[in-house]
Amino acid sequence: MKRYLGPAAAALLVIALFSGPGYLERGSLNDIWNVSLYVVLASAWNIMGGMAGQVSFGYSAFLGMGAYATVLLCLHGWNAYATIPVGMAVAAVFAVIVGLPTFRLRGPYFTIATIGVSEAVRVFAQGVEWTGGSSGRRMPIQYGDFLHKWLPDVPRGQAIFLENYYAMLILAVVVVGTVWYIQRSRFGLALAAIKQDIDAAEALGVSATWFKVRAHALSAALMAIAGSLFAINFQYIAPNSVFAFNMSLQIVLMPVIGGVGTLVGPIIGGVVFGYLQIKLLTIQALRDSNLLIYGMLLIVVMLFEPRGVLGLIDRVVKFVGRGLPKARKEARHAA
Amino acid sequence: MVGFLSATLNGILVAGLYTMMSFGLALIYGVMKLVNLAHAGFIMLGAYATFALYSQFGLDPFLTGIITGPLFFFIGMGLHKYVVRRLPESGNTPAVQSLLLLFGVWLVLQNLGYLIWGGDTRSILTSYTMKSVSLGPILIAMPQLMVFLVTSVTGIALNYVLAKTYLGKAIRAVTQNKGAAQLVGINAPRIQMIAFGLGIALAAMAGGLTSTIYPFTPDFGRSFLLKAFVVTVLGGMESFWGVAFGAGLIALLEQYSAMYNFYPNVFTDAVTFTLLVVALVVMPKGLPSVGNQLVKFVQPWFEKTFGRKAVAGS
Numbered sequence: 001m002k003r004y005l006g007p008a009a010a011a012l013l014v015i016a017l018f019s020g021p022g023y024l025e026r027g028s029l030n031d032i033w034n035v036s037l038y039v040v041l042a043s044a045w046n047i048m049g050g051m052a053g054q055v056s057f058g059y060s061a062f063l064g065m066g067a068y069a070t071v072l073l074c075l076h077g078w079n080a081y082a083t084i085p086v087g088m089a090v091a092a093v094f095a096v097i098v099g100l101p102t103f104r105l106r107g108p109y110f111t112i113a114t115i116g117v118s119e120a121v122r123v124f125a126q127g128v129e130w131t132g133g134s135s136g137r138r139m140p141i142q143y144g145d146f147l148h149k150w151l152p153d154v155p156r157g158q159a160i161f162l163e164n165y166y167a168m169l170i171l172a173v174v175v176v177g178t179v180w181y182i183q184r185s186r187f188g189l190a191l192a193a194i195k196q197d198i199d200a201a202e203a204l205g206v207s208a209t210w211f212k213v214r215a216h217a218l219s220a221a222l223m224a225i226a227g228s229l230f231a232i233n234f235q236y237i238a239p240n241s242v243f244a245f246n247m248s249l250q251i252v253l254m255p256v257i258g259g260v261g262t263l264v265g266p267i268i269g270g271v272v273f274g275y276l277q278i279k280l281l282t283i284q285a286l287r288d289s290n291l292l293i294y295g296m297l298l299i300v301v302m303l304f305e306p307r308g309v310l311g312l313i314d315r316v317v318k319f320v321g322r323g324l325p326k327a328r329k330e331a332r333h334a335a
Numbered sequence: 001m002v003g004f005l006s007a008t009l010n011g012i013l014v015a016g017l018y019t020m021m022s023f024g025l026a027l028i029y030g031v032m033k034l035v036n037l038a039h040a041g042f043i044m045l046g047a048y049a050t051f052a053l054y055s056q057f058g059l060d061p062f063l064t065g066i067i068t069g070p071l072f073f074f075i076g077m078g079l080h081k082y083v084v085r086r087l088p089e090s091g092n093t094p095a096v097q098s099l100l101l102l103f104g105v106w107l108v109l110q111n112l113g114y115l116i117w118g119g120d121t122r123s124i125l126t127s128y129t130m131k132s133v134s135l136g137p138i139l140i141a142m143p144q145l146m147v148f149l150v151t152s153v154t155g156i157a158l159n160y161v162l163a164k165t166y167l168g169k170a171i172r173a174v175t176q177n178k179g180a181a182q183l184v185g186i187n188a189p190r191i192q193m194i195a196f197g198l199g200i201a202l203a204a205m206a207g208g209l210t211s212t213i214y215p216f217t218p219d220f221g222r223s224f225l226l227k228a229f230v231v232t233v234l235g236g237m238e239s240f241w242g243v244a245f246g247a248g249l250i251a252l253l254e255q256y257s258a259m260y261n262f263y264p265n266v267f268t269d270a271v272t273f274t275l276l277v278v279a280l281v282v283m284p285k286g287l288p289s290v291g292n293q294l295v296k297f298v299q300p301w302f303e304k305t306f307g308r309k310a311v312a313g314s
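Going down the list, the sequences are from chains R and Z. Residue numbers for the first sequence follow my numbering, beginning at 1 and rising by one. Residue numbers for the second sequence follow my numbering, beginning at 1 and rising by one.
Just so you know, the hints here were simulated from the structure itself, not pulled from any lab data. Incorrect hints may have been included.
[Said to hold, decoys possible] Simulated DEER-style distance windows between Cβ atoms:
| hint | chain 1 | residue 1 | chain 2 | residue 2 | range |
| --- | --- | --- | --- | --- | --- |
| 1 | R | Ile170 | Z | Asp120 | 38 to 46 Å |
| 2 | R | Trp78 | Z | Leu125 | 48 to 56 Å |
| 3 | Z | Gly179 | R | Ala9 | 25 to 33 Å |
| 4 | Z | Gly185 | R | Leu5 | 54 to 62 Å |
[Stated by the list, open to error] One side only, chain R facing chain Z, incomplete, derived with CB under 7 Å:
| hint | residue |
| --- | --- |
| 5 | Tyr109 |
| 6 | Gly311 |
| 7 | Ile313 |
Yeah, the Cβ is synthetic: ideal placement off N, Cα and C, and Gly gets one too.
Please work from the sequences and hints to get the whole structure.
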């Protein structure tokens with residue numbers, strides 16, 4: 001019975017979200033889109049940062065590559081959705097090229113190197129002309145026809161909106177599903193072995209570099225899809241939005257606060273972060289300093305519960321579970 | 001030729017600042033084997049503290065180090081005592097956990113900066129900001145010269161402390177081998193706390209000096225943090241002169257590239273960051289270790305051709 005509880009809840013949630021446009025307002029749907037984006041970012045990072053334990057602070061580079069691939073190709077008359085595979089390929093190839101040398105570095109050295117890589121990419125995107133420099137690029141609206149053709153009575157603006165909504169939801173389901181599948185596969189086991197003890201894993205015949213390269217390319221490609229959808233939704237990108245260091249920080253914060261290396265942790269992190277972000281950004285005083293709260297949360301999590309919110313929940317459940325029978329027994333004794 | 005000389009001189013002047021900034025990082029890394037991401041936050045706070053002292057009390061920005069130094073020394077020790085030390089011991093390789101913790105500290109500092117001072121760009125204008133000294137045909141900006149003087153004095157003092165005093169010897173001992181240091185009776189946790197405070201104080205003082213040359217925002221520590229990483233990685237993480245050497249290299253590279261246009265100026269940071277990655281991958285122990293290996297590699301051949309005596313005699 002308990003085995004089916006999780007999947008059943010997940011299925012219900014997915015159904016509820018997919019039928020969302022039937023009963024929710026446009027504002028709430030927009031919030032769901034944002035939260036799904038954060039869940040995608042957190043879960044994709046989690047493949048490399050959580051499951052394989054290679055903490056990277058440079059994932060905005062992949063997000064930005066997806067976004068830029070979409071915008072630049074759309075300006076050349078491509079269909080927006082046809083650009084997604086190109087973005088994925090670019091990000092994955094870049095991930096492999098960067099990964100092969102930097103995977104020799106361990107722990108914080110790898111992290112510092114990733115900061116260097118992503119910042120170099122950002123400065124490059126700001127400096128060259130074909131990306132539009134630091135003022136960014138706007139892309140032409142040329143989609144929405146997809147849904148418009150199927151449902152001709154839906155107005156075009158609404159069709160565009162729904163298309164974006166469903167695209168992001170589908171991506172979220174795909175990414176979470178991928179993580180779920182990886183956890184159950186040989187691949188996931190290899191990543192877990194690398195995380196626990198890389199030398200022992202290598203000694204047992206797990207080719208650490210090969211698995212790391214694959215995980216890196218996979219999460220980079222997923223990140224690039226998110227970037228493409230980001231560009232399609234906002235129709236405008238700039239190095240300071242998609243390549244920003246702050247973006248990398250947010251991507252790291254969510255899974256770490258939620259519970260690193262698990263399936264549900266990054267989802268919790270993404271939902272909490274995304275929701276708080278929407279609420280916090282409406283407060284004028286906190287517009288620039290909205291990451292303050294997450295900084296404090298991160299300190300608390302690192303000091304007291306490195307497994308994040310998920311670990312905290314686990315503790316509470318165990319505490320209550322341990323407490324209850326005891327309390328009952330004591331009550332019986334007292335009586 | 002004049003251009004080359006002035007670029008060289010300017011590079012050396014800036015190198016003083018980079019050394020100060022990076023040595024704090026190297027000190028903390030050496031003693032605790034952890035990478036202090038919060039360094040950027042303290043560089044920024046130092047700049048704002050200097051700004052506040054200058055605008056409220058009219059204190060000369062080059063003298064504020066006398067106040068900010070001790071202040072941030074105690075802040076750093078407090079941070080170590082109440083936060084950093086609570087992390088589980090990580091042995092000889094720095095753990096990711098400490099990195100994320102200090103990253104959290106950085107985020108808090110940076111966003112406190114935004115909360116208190118807002119995101120506007122600020123700069124400090126003193127009566128001599130625009131002045132310059134001429135050395136024959138070479139012009140040197142006055143603030144750069146002052147910054148170099150202050151960093152040199154600090155560097156000499158620091159070197160004296162590290163070389164001659166008990167504290168300095170203890171710091172070097174803990175850097176080399178913490179366990180052995182404890183065996184001979186050094187109170188390692190205390191030394192770590194002091195070194196952490198010292199590193200933070202250096203960061204804040206360097207930040208204060210930087211604010212007299214460059215405009216700043218609550219986010220301005222980041223690019224300097226990355227530069228400090230490059231410097232420490234190039235210089236080898238553990239010695240003062242290694243760090244100074246790395247700082248000189250980076251500063252000169254920046255100056256020369258600005259002078260001769262090796263690449264467009266907008267890419268200066270991109271080149272520095274790429275250099276960081278390359279340096280990390282190719283020589284994780286810094287240039288000095290590459291030099292040592294080169295010596296080891298060349299020595300046998302040298303001895304064979306010139307005889308053992310020639311080498312030993314020199």
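Can you verify the interface hint for R/Tyr109: is its Cβ closer than 7 Å to any Cβ in chain Z? holds (6 Å)
Hint check: 7 Å Cβ-Cβ cutoff, R/Gly311 to chain Z: violated (13 Å)
Just tell me: holds or violated, for the beta carbon distance of Z/Gly185 and R/Leu5 against 54 to 62 Å? holds (58 Å)
Beta-carbon spacing of R/Ile170 to Z/Asp120 - inside the hinted bounds 38 to 46 Å or not: holds (42 Å)
Interface hint for R/Ile313, Cβ within 7 Å of any Cβ on chain Z: violated (20 Å)
Honestly, do Z/Gly179 and R/Ala9 meet the 25 to 33 Å range at C-beta? Given range 25 to 33 Å: violated, Cβ gap about 50 Å.
Determine whether the Cβ-Cβ distance between R/Trp78 and Z/Leu125 falls within the hinted range of 48 to 56 Å. holds (50 Å)
Hints 3, 6, 7, counting from the list given before, are not met by this structure.
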